[in-house]
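Construct all of the structure, not just a fragment, from the sequences and the given hints.
Note that the protein sequences, when read in sequence, are chains A and B.
First residue of the first sequence? That's -18 in the numbering used here, and the numbers climb one at a time after it.
First residue of the second sequence? That's -18 in the numbering used here, and the numbers climb one at a time after it.
Read the hints as simulated data drawn from the structure, not as lab findings.
Watch out, some of these pointers could steer you wrong.
Claimed, not checked - Here are the simulated EDC-like pairs of lysine to aspartate or glutamate, each with C-alpha atoms no more than 16 angstroms apart in a straight line:
1) A:Lys(-14) x B:Asp465
2) B:Lys21 x B:Glu57
3) A:Lys231 x B:Asp106
4) A:Lys472 x A:Glu403
5) A:Lys234 x B:Glu5
6) A:Lys472 x B:Glu65
7) A:Lys473 x B:Glu65
8) A:Lys234 x B:Glu4
9) A:Lys234 x B:Asp106
10) B:Lys234 x A:Glu5
11) B:Lys(-14) x A:Asp462
12) A:Lys468 x B:Glu65
13) A:Lys(-14) x B:Asp462
14) B:Lys(-12) x B:Glu42
15) B:Lys234 x A:Asp106
16) B:Lys231 x A:Asp106
17) B:Lys468 x A:Glu65
Number of protein chains: 2
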Amino acid sequence: MPYFKAKKLDFSSGRRMEVVLREEEARRYGIRKADVLKIKWKKKSFFAAVNYTNSKVEEGEIGFFREIWQSDKGKEMNSAGIVEVSLIKRPDSIKAIKKKLLGSPLNYKEIKSIIKDISDGFLGDIETTYFVASSFRGNFSDTELYYLTKAMVETGDQLKFKGMVVDKHSIGGLPGNRVTPILVPIIASLGFTIPKTSSRAVTSPAGTSDTLEVFMPVCLETKDIKKVVAQTGGCLVWGGALRIAPADDKIIKVSYPLVMEPYNKMIVSIMAKKVAMGIKYLVIDMPIGRNTKIKNKKAADMIERKMRYIAGKFGIKLKVMASRVIDPAGRGIGPSLEARDILRVLQQKKNRPMDLEKKALKITSALLVLTGKFTEIEAKKASRENLRSLKAWEKIKEIISAQGGNQNIDSEKIKLGSYRHEVKAAKNGRIAMYDNRAIIEFCRILGAPSIKQAGIYLDKVIGNKFKKGETLFTLFADSPDRLDLAKAALKKGHILKIV
Amino acid sequence: MPYFKAKKLDFSSGRRMEVVLREEEARRYGIRKADVLKIKWKKKSFFAAVNYTNSKVEEGEIGFFREIWQSDKGKEMNSAGIVEVSLIKRPDSIKAIKKKLLGSPLNYKEIKSIIKDISDGFLGDIETTYFVASSFRGNFSDTELYYLTKAMVETGDQLKFKGMVVDKHSIGGLPGNRVTPILVPIIASLGFTIPKTSSRAVTSPAGTSDTLEVFMPVCLETKDIKKVVAQTGGCLVWGGALRIAPADDKIIKVSYPLVMEPYNKMIVSIMAKKVAMGIKYLVIDMPIGRNTKIKNKKAADMIERKMRYIAGKFGIKLKVMASRVIDPAGRGIGPSLEARDILRVLQQKKNRPMDLEKKALKITSALLVLTGKFTEIEAKKASRENLRSLKAWEKIKEIISAQGGNQNIDSEKIKLGSYRHEVKAAKNGRIAMYDNRAIIEFCRILGAPSIKQAGIYLDKVIGNKFKKGETLFTLFADSPDRLDLAKAALKKGHILKIV
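Okay, here's the thing in structure tokens:
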């Protein structure tokens, strides 16, 4: 029953019918974020959801976004006119979160209300946290995971592409593991559609997008992505700027402080993004090991089963490649060094990292087989051939150009940090093992990924023998300070095990 | 293993050994709030908990609070010196929250770690929400509630007073229910110690502190409270400024968006504050009803049982007075109008609200009986007598003076809103019932509690007969606008039922 002075706000909520009140004042009336209000002035009334503000209106005022006062009902509304407000109902999303916290399964309508209110900003960190916490009680059933995926897809942008739309996704955790920029041009050169989105590094020395950015633009809008894919069959873009499954980022944010990424959340996050991108054939690269996200075979099996269930619901053909991994693929770690490795493979230079090429071809072949258009032998031959004949190299240049970049690139022209330090062997020996975690930390000290030219180059890889005085690895930095820091750290930490 | 440039901060954390990093940078290193770091420079090292900042240090810097660089180990530390940081362990509190989320009971050490980190600001809204959410899974046992109470007490200030320390607490929900300012001076005038803290209104038209503030200062610091109580035997202060059970406020904050106050949380919150204030005899006034916090007898019984258990653990003698209530006690609603009612009772004016006096005497007597120093008959007599002989009136003036206020007050000098509207009876009849919820909303429209002079005075109370043309109730406002708003609302809402 409270009354407020109307204030027209000169911007749009971009969402639904929405009004704002000052937080403290709303609280006094027992009005909470996302509550549905009935708003009356003169003989007219309409419904709107409420959000809090601490700046847009003064005490005693209610703010109306443009959607409202440009609507039929709102047209005659005056600023400073008095409106009457009454609370119609608490949001369905809050009711649903409470229900789940108390242990009951949710139906699709309930899950959709939660995901929609999260993505529209009506549920803040605290409410979203209650939702994530609710997954601890009895967890989510397969059906609920499917509902979550569907709701995340539907509350964001959905892209549609022509042709057979394929993709691969790596469940990260390994440095120097840049398969994507090699796989995408091979696949596209074979006539498939592969609209690839990648992420930036969070805790690793370089995400795929950080690396790609060394030699091409990756921040494209949805409409440009459509053009690039229509023209070249593929793209290599940063997914973070798109409105694909937008609720996911907010859920990730509140999961962070608990030092865990629940597997269920990861599954939904991956699958929702693939569904939204219209993917129909999907290979998942899932490294298993102590330093990766997936700790053991049992977890890998569980994840595969659930992904397969969700993929089936959306008509996606899925292949999961789970494998134990101990060493990085590629010799460079850090954006520019990884970019050089990638270009060396695509340009088929003699000094290219063969392990990275091998790994890229393996996953590429698996994806080709999954489409049903290739036998295993044909797939291997075709992907190797398209790399060797430089068709993949031509294709990535085409993509770079379509994305607004410069085709005139070469692996050996990639600029690397000019402050360098070579670590030499103190005696003859053989590389037995790398400490991936130490490699990541040294790259951080050197400044990667913000400093693209920083990183470590592995002159010797696992199994290599070396003589006293030979270079084992090289540090790259863009300032003497950074290099000194890393050299100081070298005295205490080891990045490789020698026998 | 990361390295940072040291920066001495010119303020103290006021807590433990603490350092700050920029949030984004800390996240890149996988360092989370409240993590314990080992910090090394030259040959020295120490442990500190980390917090995030977005302003105190630059990228690449680590900020040290005064506690650290004024400590023995930190004395020789230079600003701009390089320190090495390593992650020693995740905070115990985060581990404990996860454990509870997964359904296991917590021991005292675990609960203490959570409450301490909440009250020290190491656990933010998101982490605190996970903890509150964890109570949904199997809830807290009586033992855990005791641990929670104990931990809340120990992480805040604890006050000790001489004599028999007594208190009463109302579990709110009713307008115009100001028993406290009458009870406190009676009890103090009888030689007991009653260090009373009260709250401000959140959703009601006036909290006890809002009302008291009309005629006395209520914002006192701990040291002044001690003086006032030593001098007069009692005090009437706002509890919000004290560091009593500080974790409680933060837990309340994250409970708000879920539109519920779990009973367990309420029990811990009340008991922790009483224990911290050194209370030994406690009467709980617990109105039961649709518009109050306690909806039914079953809930009341459960709350009483748990409170009794916790009280027993701390050696507190407890009496719970649960009763169904339907009407407000007192005729004024809103800070100034309620203040006038209170002073009328204390000054024993003829026009005093007898229902409020009766209620205050009833609870006062119950508290006296609880101390074991009075039989029921003696208690009734003593409290009535001390009110009638104006001993209570002299006592509250003594307290007002000790708290820095002016003794020269009178019920009829309380300033009320000068814009008034009397609602007259359209025909003869009798008051059957008030709508407490409507009364609260009308007071809000009139501007209470921020506008102290605003409110409603009930000229007729339940059971009163009236003739056509007599005044039923009066609206008070400090501006014609506010009064007009309320008059407009009157056309739609009713605050009383007439037969």
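For each hint, the structure was consulted:
1. Annotation: proposed proximity of Lys(-14) of chain A to Asp465 of chain B holds, straight-line Cα distance about 13 angstroms (limit 16 angstroms).
2. Restraint check: the Cα-Cα separation between Lys21 of chain B and Glu57 of chain B comes to about 12 angstroms, which is no more than 16 angstroms; the hinted pair holds.
3. In summary, the hint linking Lys231 of chain A to Asp106 of chain B is supported, as the alpha carbons are separated by about 15 angstroms, within the 16 angstroms threshold.
4. For a cut-off of 16 angstroms, the pair hint linking Lys472 of chain A to Glu403 of chain A stands: about 14 angstroms separates their Cα positions.
5. For the hint linking Lys234 of chain A to Glu5 of chain B, the alpha-carbon distance of about 12 angstroms falls within 16 angstroms, and the restraint holds.
6. Among the hinted pairs, Lys472 of chain A with Glu65 of chain B is consistent with the structure: their alpha-carbon atoms are about 13 angstroms apart, no more than 16 angstroms.
7. Proposed proximity of Lys473 of chain A and Glu65 of chain B is supported: the alpha carbons are some 11 angstroms apart, at most 16 angstroms.
8. Proposed proximity of Lys234 of chain A and Glu4 of chain B is supported: the alpha carbons are some 13 angstroms apart, at most 16 angstroms.
9. The straight-line distance between the Cα atoms of Lys234 of chain A and Asp106 of chain B is roughly 12 angstroms, inside the 16 angstroms bound, and the hint therefore holds.
10. A C-alpha spacing of about 12 angstroms is found between Lys234 of chain B and Glu5 of chain A, which places the hinted pair at or below 16 angstroms, so the restraint holds.
11. Simply put, Lys(-14) of chain B and Asp462 of chain A have alpha-carbon atoms about 11 angstroms apart, close enough for the 16 angstroms limit, and the pair holds.
12. The hinted pair formed by Lys468 of chain A and Glu65 of chain B meets the criterion: a straight-line CA distance of about 13 angstroms does not exceed 16 angstroms.
13. With a C-alpha separation of about 11 angstroms, the suggested pairing of Lys(-14) of chain A with Asp462 of chain B holds against the 16 angstroms cut-off.
14. With a CA separation close to 6 angstroms, the supplied pair Lys(-12) of chain B and Glu42 of chain B stays within the 16 angstroms bound.
15. Proximity of Lys234 of chain B to Asp106 of chain A is assessed by CA-CA distance (about 12 angstroms); at most 16 angstroms being required, the pair is judged to hold.
16. For the suggested pair Lys231 of chain B and Asp106 of chain A, the alpha carbons sit about 15 angstroms apart, so the restraint of at most 16 angstroms is met.
17. Distance check on the hinted pair: Lys468 of chain B and Glu65 of chain A sit about 13 angstroms apart at the alpha-carbon level, within 16 angstroms; holds.
Comparing the model with each earlier hint shows no violations; every hint is respected.
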